[in-house]
Amino acid sequence: MSHPPASELLTRLRRLPGSVLTFWRRSLRTRVVTAIVVLCALVVGSVGWLVIRQITDGLVKSRVGASVAEARTETETARERLGSAGGNDFDPETQLRLLVENLVARGEVKGFDVVVLGPIGDGSTTGGVRTTPEVDADSVPAGLRRSVESGENGLAWTFTRISYTAGADGSPDRTSQPGVAVGSAVVLPSDGGSYALYYLFPMEEEQQTLLLLRRVLLTAGLLLLVLVAGVALLVTRQVITPVRLARRVAERIASGRLEERMHVDGEDDIARLAMSFNQMAEALQSQIRKLVELSRVQRTFVSDVSHELRTPLTTVRMAGDVLHDARASFDPVTARAAELLQNELDRFENLLADLLEISRFDAGAAVLELEDTNLSDVAYRVVAATAPMALQRGVTVRILDEGAFMAESDVRRVERIVRNLVTNAIDHADSDGVTLRLAADGEASALTVRDHGVGLQPGQSAMVFNRFWRGDPARARTTGGTGLGLAIALEDARLHGGWLQAWGTPSGGAQFRLTLPRRAGDPLTHSPLPLVPEDIREGVT
Amino acid sequence: MAQPEVVDRPRVLVVDDDAALAEMLTLVLRNEGFLSQIVARGDQAMAAFRSFRPDVVLLDLMLPGKDGVDVCREIRVESGVPIVMLTARSDTIDVVLGLESGADDYVAKPFKPKELIARIRARVRRFEVPTPEDLYIGDLTIDVAGHSVTRAGTSIGLTPLEFDLLACLAQNPRKVFTREVLLEQVWGYRHAADTRLVNVHVQRLRAKIEVDPENPTIVVTVRGVGYKAGTADEPPSGK
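Residue numbers (my numbering), protein chains in the order written: chain A, 44 to 584; chain B, 553 to 791.
Just chain A, with the same shape it has in the complex (with noise of 0.2 Å):
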């Protein structure tokens, strides 16, 4: 495989949040799915952080608890120790040191540190530090010492995080950790020195403790996560997929497979929901049957009736003829009825052929037969053809535009679409006469008539095209046309996949405009003229 171009790779990857996004509307599972995670997290979200916030509260409280137990219990130990050691056994050196050493061997024993201040109150700071090893007397917090220091008897606690400094061996610093400092003070009694205990109980183990529940919970959070997007999964699979049947189903029956219908199965929503949409179906598959035979009966009824009348006015026709040639010997009255039936079998003969035209379209029978025609030779023709009428009107008809105005259609079918449209505005025309534009370009060609006579009412535009419609009906019939011409014209021009449009305003006159693909079929999507005539456009604009 090649790579693509990094053009290409570019437009794809412009795409991608566009893409992303249309998945994101199209999957309804995707979204339920990514909307029931969501949720699930926030709750096993909230409920984890709860719980950890409880445990670690009832954690260090008991530790701190305990640690403050623990402090008074030892600082007990050591006054009595030192009360029961009397004020002149040792020299305060000693008894301090005595004092450290039980207390940093019982903190071994029992898990806490030791720092030892003092003597306080003598203003010397740095009177004398003595730690557990490796223990660094800043680990006493600023607050606490104040609150030892200012001399009240009690025990003051609070958090603070144990440091250590560097072992005299060069082991390896061990890392802070927190922890609670308790801290009292107690009076030598050999110099009556006061000095600070404070006792460093390292909170190592709770903090292991909850670093392992809080791994626990997570994993557990994300596990429950991935169950539940699986069972959505799962979950929405049950609905959407006889969703989806549906929506296959329904765009078969769209697509004309009425027969298609949604398989049943069991009682749930989801069968009924298959039951009523095949009732639905069921339903519009008669009430489509019924229009369809309706329609074919119609269509028949026309085919046949245009059909079986044309042999009786074939005699009638013939009979007419013989009467009419022959009516140079009847009295003036015979002679002139002769006249009027022939007139009127002519009419009747068109009326007719344009019925059974109409009727071919409606039966869908109606065929192309393609060849590339210039409009121009078309619009020559037809003018050459009804230059007779067009004289006997006084009409002038004009065509403004010369050259090749290729479209492949049927020359039949566009030769009456134009002859329609130029006998309609011959009818129609004042002294101004009529005028033919043609125009091209590769997608299309167009013609249009104009004329300027009464024009049309706003909303006749789009009757004008409808069966035996007729514009003002107290207006006298001329050319006695059938009121099927521009019927049959829009259906010539839908059958090459054309358009035929109408402009017109009162007494400004009416523009038809004719446009035919380049090719027979090709969609169209513009029109090389403008279907509003460019000197009523000037006058608006």
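No wet-lab data here; the hints were simulated from the structure.
Among these hints, one or two may not hold up.
[Stated by the list, open to error] Some, not all, of what chain B presents toward chain A, calculated at C-beta under 7 Å:
(1) M576
(2) V580
(3) A592
(4) K661
Note that beta-carbon positions come from the ideal geometry of N, C-alpha and C, so glycine has one too.
Please build the complex by placing chain B on the supplied structure of chain A, with the hints as guidance.
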């Protein structure tokens, strides 16, 4: 026009089940100098055809007793007499079927009497080659005066229309004839008419004269234009 002797009047057999139309046709035909006979049923048409020996047959396609298409086929077995179909449905397959079964031309109802007479006259008059002499097309010899076509001495039976079509192409071997020109010269149409007439008859003609009708060499299609007479040395063209 001067009325010819009764014996010389062209004879037209009208096969139509519509009594009024048939009678009207008789009246008009008699007015125009034709002698006509009416048959109302398809199954009686052959007997009437044999006894009346018409010059032209007017044949309705929908007939009681026997279908017009079948009647047409039966007449063609015995004779090449011009057959003009009368049809109420000019856009259906019936027309093509009728033409394929041997009808020369058709007139769609409702027709004008003059139109029908023109069609009958055109069928009776025949196509006339200006210089009646032997024509050669491919490996065929056309004896214009004797109205016969032979290949290597073997006679090929053509209907008058098929003969006219072949002769029209053969008298101007280099020329490409459009369907419209053929309709005018062979069928006698002055205005554009149904080009299916030409297509169907070219197919029928090819079936009789071509060695391989699938790859015609005598009546060659010029795509998008029409037909022309092929020469023996030309490669066969597509259908």
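So, going through the hints one by one against the coordinates:
no., hint, verdict
1, M576, "5 Å, holds"
2, V580, "6 Å, holds"
3, A592, "13 Å, violated"
4, K661, "4 Å, holds"
Taken one by one, the earlier hints fail for this structure only at number 3.
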